[in-house]
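J.: Chains as they are written, first to last, in numbering that gives the first Met the number 0: chain R, 0 to 322; chain E, 0 to 132.
Read the hints as simulated data drawn from the structure, not as lab findings. Take these hints with a grain of salt, some might be off.
Derived coverage of chain E by chain R (criterion: at least 3 residues anywhere in the stretch with Cβ under 8 Å from a Cβ of chain R; other residues may be distant) [to be verified]: (1) 7-19; (2) 27-33; (3) 40-52; (4) 82-93; (5) 107-116.
Restraint ranges, calculated between C-beta atoms of paired labels, are given here [said to hold, decoys possible]: (6) Ala12/E x Ala288/R: 22 to 32 Å; (7) Pro220/R x Asp35/E: 45 to 55 Å; (8) Glu297/R x Leu93/E: 28 to 38 Å; (9) Ala3/E x Phe87/R: 34 to 44 Å; (10) Lys116/E x Gly216/R: 33 to 43 Å; (11) Phe145/R x Arg112/E: 48 to 58 Å.
Listed next, the in silico EDC-like pairs over lysine to aspartate or glutamate satisfying Cα-Cα at most 16 Å (straight line) [stated by the list, open to error]: (12) Lys287/R x Glu225/R; (13) Lys289/R x Asp108/E; (14) Lys289/R x Asp50/E; (15) Lys173/R x Glu102/R; (16) Lys253/R x Asp108/E; (17) Lys36/R x Asp80/E; (18) Lys157/R x Asp277/R; (19) Lys157/R x Asp90/R; (20) Lys233/R x Asp201/R; (21) Lys287/R x Asp108/E; (22) Lys287/R x Glu102/R; (23) Lys233/R x Asp86/E; (24) Lys233/R x Asp60/E; (25) Lys116/E x Asp50/E.
All values derive from a computational prediction rather than experimental measurement. Every residue gets a Cβ at the ideal spot worked out from N, C-alpha and C, and that includes glycine.
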Amino acid sequence: MKTFDPVQLAIPFFVLAVVLEIVLARMGKANARYEAKDTAMSLTMGLGSSIAGAILGGAVFAATVWVYQHRVFTIPMTAIWAWVILFFAEDLTYYWFHRIAHERRFWWASHVNHHTSTHYNLSTALRQTWTGGIVGTWLLWLPLSFLGFPPAMVAIQKGISLIYQFWIHTEAIKRMPRWFEAVFNTPSHHRVHHARNPRYLDANYAGILIIWDRMFGTFIPEVDEEPCRYGTVKNLASFNLFTNVFHEFIGIGKDLASSRSPREVVGYVFGPPGWSPDGSRDTSHTLKAKWRARLEREGRPVEKLAPTVVSEPRPEADLSKVG
Amino acid sequence: MDKALLIQLLGSAVAISLLIAIAAWARIARVTPPLDAEGARALLALEFPDDRIDALWIAADGAGVVARSGDRALVAWRKGDGYVARDLAWNAALAARADRGFLILKTADAAPRLVLKDGAWPPPEFVSQDVAA
């Protein structure tokens with residue numbers, strides 16, 4: 000069956016936008032950094048994700064159709080109000096998918112490979128998971144079909160969300176107009192999401208609308224005094240493609256092999272990334288606590304670090320020698 | 000395999016190759032000069048902000064650093080135009096193998112190869128530190 004797929008249509012635009020970002024950066028007209036191996040990893044992940052999606056897509060779509068056959072309402076695909084409701088409902092679903100994908104290790108294992116680049120450019124947007132279908136995050140969208148939204152309609156809206164999220168993976172755009180930053184996910188908000196600085200961890204899960212983060216308390220603004228450093232808390236040691244795809248699953252497997260109780264099994268699989276029985280490893284929560292303690296020791300309480308405040312540069316943060 | 004799918008896959012592979020070539024041509028990666036003591040300390044301060052540095056050794060090519068922090072060794076090494084950081088037990092770092100001019104450290108999930116200055120490991124500054132400790 001041939002269906003309308005906005006993502007397929009957008010691929011030429013993705014390619015041209017990446018070329019444009021690179022060329023503008025080369026000309027000194029845009030702020031962007033590209034490293035060839037990193038770019039190769041991102042783009043290959045994107046291709047692999049498409050292949051994985053094609054393999055599992057049929058089963059996922061069949062499950063969605065089955066749920067739709069048992070729907071509560073029948074929502075017409077041609078009604079504007081239906082698209083408006085779906086826009087918000089799908090975006091809210093995405094927010095919770097994304098939050099779970101960061102805060103619970105089993106789903107983080109699938110999503111982490113989107114975050115392993117130490118760069119933040121348009122190619123990073125294409126660094127998509129291969130294992131999303133396996134870990135079952137698509138189940139979160141089934142209630143929309145159960146409510147009565149046609150599966151094709153949900154698929155199109157998911158595609159629109161994915162396309163929207165492409166352009167926000169850039170350092171070339173500093174800030175959008177204030178009203179836009181207040182409502183929509185933007186490059187600035189999403190830079191925070193990709194940052195590994197303790198200040199920025201576990202924040203800004205939005206797809207299109209940033210309002211969900213503001214509502215559920217996960218919004219953190221980007222502050223000029225602390226530039227985002229990208230990647231994961233422990234950056235990957237190699238550019239190996241399969242390491243990138245499976246490293247967290249392998250980590251879970253190793254931890255399970257050394258587990259000594261059901262509590263440990265549950266904690267290693269469904270606890271927050273970094274969970275350990277004795278607390279010897281760092282989670283986002285402990286990293287943030289250590290960061291706050293450092294600020295307190297330095298006499299710079301967190302609450303005084305408002306976004307508009309430009310404080311003195313920290314000597315230890317001078318990375319001009321590091322690059 | 001379906002012909003249209005094959006064409007799509009080949010087209011994607013060509014497009015990816017071109018984009019990688021353009022990224023390499025542009026030379027817009029981060030500038031990562033060899034580490035000196037100041038740069039190494041700045042890097043370690045970012046990666047291990049709560050750890051005190053007792054002693055420092057920088058690889059001969061400036062692409063890696065090993066630091067002692069109490070009973071731990073803090074290690075950072077270059078990957079692409081950035082750095083990767085890990086830690087391991089200090090004793091394990093001291094006992095690490097030197098092979099054909101490289102120091103091979105074994106961390107929990109990686110084995111960085113750092114270029115030795117004169118092929119010997121551990122360096123005198125670490126040995127004297129150990130004696131003093």
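J.: A separate judgement is required for each hint: does it hold in the structure or not?
T.: Taking the hints in turn, this is what the structure says about them:
no., hint, in the structure
1, 7-19, "holds (count 7)"
2, 27-33, "holds (count 6)"
3, 40-52, "holds (count 7)"
4, 82-93, "holds (count 4)"
5, 107-116, "holds (count 3)"
6, Ala12/E x Ala288/R: 22 to 32 Å, "violated, 46 Å"
7, Pro220/R x Asp35/E: 45 to 55 Å, "violated, 35 Å"
8, Glu297/R x Leu93/E: 28 to 38 Å, "holds, 33 Å"
9, Ala3/E x Phe87/R: 34 to 44 Å, "holds, 36 Å"
10, Lys116/E x Gly216/R: 33 to 43 Å, "violated, 52 Å"
11, Phe145/R x Arg112/E: 48 to 58 Å, "holds, 54 Å"
12, Lys287/R x Glu225/R, "holds, 14 Å"
13, Lys289/R x Asp108/E, "violated, 24 Å"
14, Lys289/R x Asp50/E, "holds, 12 Å"
15, Lys173/R x Glu102/R, "violated, 28 Å"
16, Lys253/R x Asp108/E, "holds, 11 Å"
17, Lys36/R x Asp80/E, "holds, 10 Å"
18, Lys157/R x Asp277/R, "violated, 40 Å"
19, Lys157/R x Asp90/R, "holds, 8 Å"
20, Lys233/R x Asp201/R, "holds, 15 Å"
21, Lys287/R x Asp108/E, "violated, 24 Å"
22, Lys287/R x Glu102/R, "holds, 14 Å"
23, Lys233/R x Asp86/E, "holds, 11 Å"
24, Lys233/R x Asp60/E, "violated, 23 Å"
25, Lys116/E x Asp50/E, "violated, 26 Å"
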